[in-house]
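Visitor: Spelled out, the chains give:
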Amino acid sequence: MQLNPEARYSGFFEVLADLKAIKIGRKPVQSSKQDVATMGDGQSKAGFPFVLGGVVLLALGTSVLLYSTGNGPRVWEYLQLSAHDAIIWMESLKESFLGK
Amino acid sequence: MPFMDSEGLCISAVIRFKKRIGHGGMATVYKGVQTSLERPVALKVLKKTLLDRKDVKSRFERESLIIARLNHPNIIDVIDRGITSKGQPYFVMEYVKGADLKDLIEKGDLKLSQRIHIAVQICKALAYAHDNGVIHRDIKPANILMDRQNHAYVLDFGIAHFCEKTQASNKNEDHHTQVGDVMGTAAYMAPEIHASADNTSVQSDLYAFGVLFYELVTGILPLGRFELPSTQNPNIPKAIDKVIERCLCPDESQRPRSASEIKNLLLKVMHGAHLAPAQKERAKKTVSKAEDKFSLLDVIKEDEFGAVYLFEDKVQHDLLVIKKRTNSSAGFRESKLLHKLHHPNIVTVKGVSKNDRVFISVMEYLKGGCLQDRLIKPFGWKSFISIATQICEAMDYAHRNQIIHGNLRPRNILFTSKGQAKISDFGFDEHYGGGQEGGNWYNHLGEEKSVKTDVYAAGVLFYQMLTASQQPPEWQSGKLCTNAQFDAFPKPLQNVIIQNNAVESGSAL
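Top line first, the protein sequences correspond to chains A and B.
Going by the working numbering, the first sequence wraps up at 113, each residue one higher than the last.
Going by the working numbering, the second sequence wraps up at 525, each residue one higher than the last.
The hints are simulated quantities; they were obtained by calculation from the structure and are not laboratory data.
Note that the Cβ used here is the ideal one computed from N, Cα and C, for glycine as well.
Warning: the hint list may mix true and false statements.
Only pairs whose alpha carbons sit at most 20 Å apart, straight line, appear in this in silico DMTMM-like list of lysine to aspartate or glutamate [as the list claims (entries may be wrong)]:
#, chain 1, residue 1, chain 2, residue 2
1, B, LYS34, B, GLU54
2, B, LYS47, B, ASP147
3, B, LYS434, B, GLU268
4, B, LYS284, B, GLU268
5, B, LYS35, B, GLU54
6, B, LYS305, B, ASP329
7, B, LYS434, B, ASP445
8, B, LYS507, A, ASP31
9, B, LYS398, A, ASP31
10, B, LYS340, B, ASP329
11, A, LYS36, B, ASP503
12, B, LYS352, B, ASP412
13, B, LYS340, B, GLU277
14, B, LYS383, B, GLU54
15, B, LYS296, B, GLU320
16, A, LYS33, B, GLU54
17, B, LYS507, A, ASP98
18, B, LYS340, B, GLU320
19, B, LYS468, A, ASP31
20, B, LYS330, B, GLU307
21, B, LYS465, A, GLU27
22, B, LYS468, A, GLU27
Taking beta-carbon pairs under 7 Å as the criterion, some of the chain A residues facing chain B (in silico) [as the list claims (entries may be wrong)]:
#, residue
23, ARG21
24, TYR22
25, GLY24
26, PHE25
27, PHE26
28, VAL28
29, LEU29
30, ILE35
31, GLU90
32, LEU92
Computed footprint of chain A on chain B; a stretch qualifies when at least three of its residues, placed anywhere within it, have a C-beta under 8 Å from a C-beta of chain A [claimed, not checked]:
#, region
33, 150-162
34, 347-353
35, 401-410
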């Protein structure tokens, strides 16, 4: 076996720099997507309950505000129309992908 | 001839059946002979069958491998493990001639110091297993084997777990019998286990140890409102009462944090009473000038190269490690320099002295054991990067102060009780025995000690931490031979290991 210490790190400061560049979390600096999934250790999922909770609270707050001002039924109407538009948009998107 | 038990289960072609030596609710034990080495072995076949559930089988494969890798002088060695043709898990273990602790307690011949020493040995085994994430789950005197030299071996680490899991998936069997089998005698069960077997933890093992220890010093079980041991026998020190009271606390958060903590408390009670007079004499010579200041608690290691002692500072009541190296002053310069320096990841050197023949260094004692004792399974990402970073910071600091370690290896990476890594033994000689550390994996080309050899040693160490490999990394044609486990690592981390380990011409990222 031929010895080649030159290929090795020249000191621990270099190892440290590389270790510190490895991010444990959602966006590692140099990792592929598969690596991210392995390294995540569940951290990326940690904030999910807070985000979901925030959205629910916001929706509840908005509903209370709208109903208290008498605009509730108009909001439902708006939501229904938006959902209908979204379905039509998704269908057109699907058709454009399938080339129909 | 293949090993066949009474029901004709084929177990192994390399074990020759001798006779059945034990039979309990959980397993049947046979004495056999390992034909390749012609040595006696004990073969434990669990009664429960692992059903066709893949998850149960894969758990057995994973966890029994960890159990088989436990390597401690107070834990019985598991030589092999597997599943019989009928789906029963089995373990092949070293055969120790002796009696179990239950019989010795019933005979009542043991001196108090011998009883406490047995408890210390059990604590050492528990501390080691707990550091590796293995809970015993069935600590009781019948699971402690004593040889004729009063050396204690803890049996059946984690084995009860397989029965619990198997039981959970086998609804057709008699549930009451199963519960009795799994948990052993109810008297050793922590209150939280009565509620659910899922509450098993380090603290539930320590509760069971508390019951065992009470029984060991008094001869009876602590049932109902029990009397403290010193009430029954005035010779029993009050400190023992306190240890037992804490272990038996119904609230698990009030129990001792670790078996290592109990071990140190007991060693302080014993003041070296378990040691041979010759050992004490040798230790006394080591600290001859400071005999009044230190009290000998234990001999951690003694061989032809020197000794390692555990002392207590009589004034501060701190624990100290005193290392004696005979006929070598390697490491004296480094220890002297480190005595003046300080880094959070380097073991504090409290004092150094040397004469023509002996070199002595006094160091802080760390309760968390060493890295060698934690290599039975791979480290997780977070803990690996945290420990590797601490090692690199310590080594970088040492190198900036012109200190080369020259002997970096898992035994020289120690841990505090909170898991902080600290490096010890800078500049010390390399000494290799057989076994796992046979050959110098950490400088296998015999390079002259330098910053780069320390980097290489760290690379081997990191590889072992990530893979729990029992073999050093190998290179072929300029490339590190890897396995699927290594290939699954994120590329940046693979690169760190490869660049640390690079030994051959053309070794590249």
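Visitor: Now look at each hint and say whether the structure bears it out.
Guide: Consistency of the hints with the structure:
no., hint, in the structure
1, LYS34/B / GLU54/B, "holds (12 Å)"
2, LYS47/B / ASP147/B, "violated (31 Å)"
3, LYS434/B / GLU268/B, "holds (19 Å)"
4, LYS284/B / GLU268/B, "violated (24 Å)"
5, LYS35/B / GLU54/B, "holds (16 Å)"
6, LYS305/B / ASP329/B, "holds (14 Å)"
7, LYS434/B / ASP445/B, "violated (29 Å)"
8, LYS507/B / ASP31/A, "holds (11 Å)"
9, LYS398/B / ASP31/A, "holds (15 Å)"
10, LYS340/B / ASP329/B, "holds (17 Å)"
11, LYS36/A / ASP503/B, "holds (18 Å)"
12, LYS352/B / ASP412/B, "holds (18 Å)"
13, LYS340/B / GLU277/B, "violated (25 Å)"
14, LYS383/B / GLU54/B, "violated (39 Å)"
15, LYS296/B / GLU320/B, "holds (17 Å)"
16, LYS33/A / GLU54/B, "violated (52 Å)"
17, LYS507/B / ASP98/A, "violated (44 Å)"
18, LYS340/B / GLU320/B, "holds (11 Å)"
19, LYS468/B / ASP31/A, "holds (16 Å)"
20, LYS330/B / GLU307/B, "holds (10 Å)"
21, LYS465/B / GLU27/A, "holds (19 Å)"
22, LYS468/B / GLU27/A, "holds (12 Å)"
23, ARG21, "holds (4 Å)"
24, TYR22, "holds (5 Å)"
25, GLY24, "holds (6 Å)"
26, PHE25, "holds (4 Å)"
27, PHE26, "holds (5 Å)"
28, VAL28, "holds (5 Å)"
29, LEU29, "holds (5 Å)"
30, ILE35, "holds (5 Å)"
31, GLU90, "violated (50 Å)"
32, LEU92, "violated (43 Å)"
33, 150-162, "violated (count 0)"
34, 347-353, "violated (count 0)"
35, 401-410, "holds (count 5)"
Taken one by one, the earlier hints fail for this structure at numbers 2, 4, 7, 13, 14, 16, 17, 31, 32, 33 and 34, listed in ascending order.
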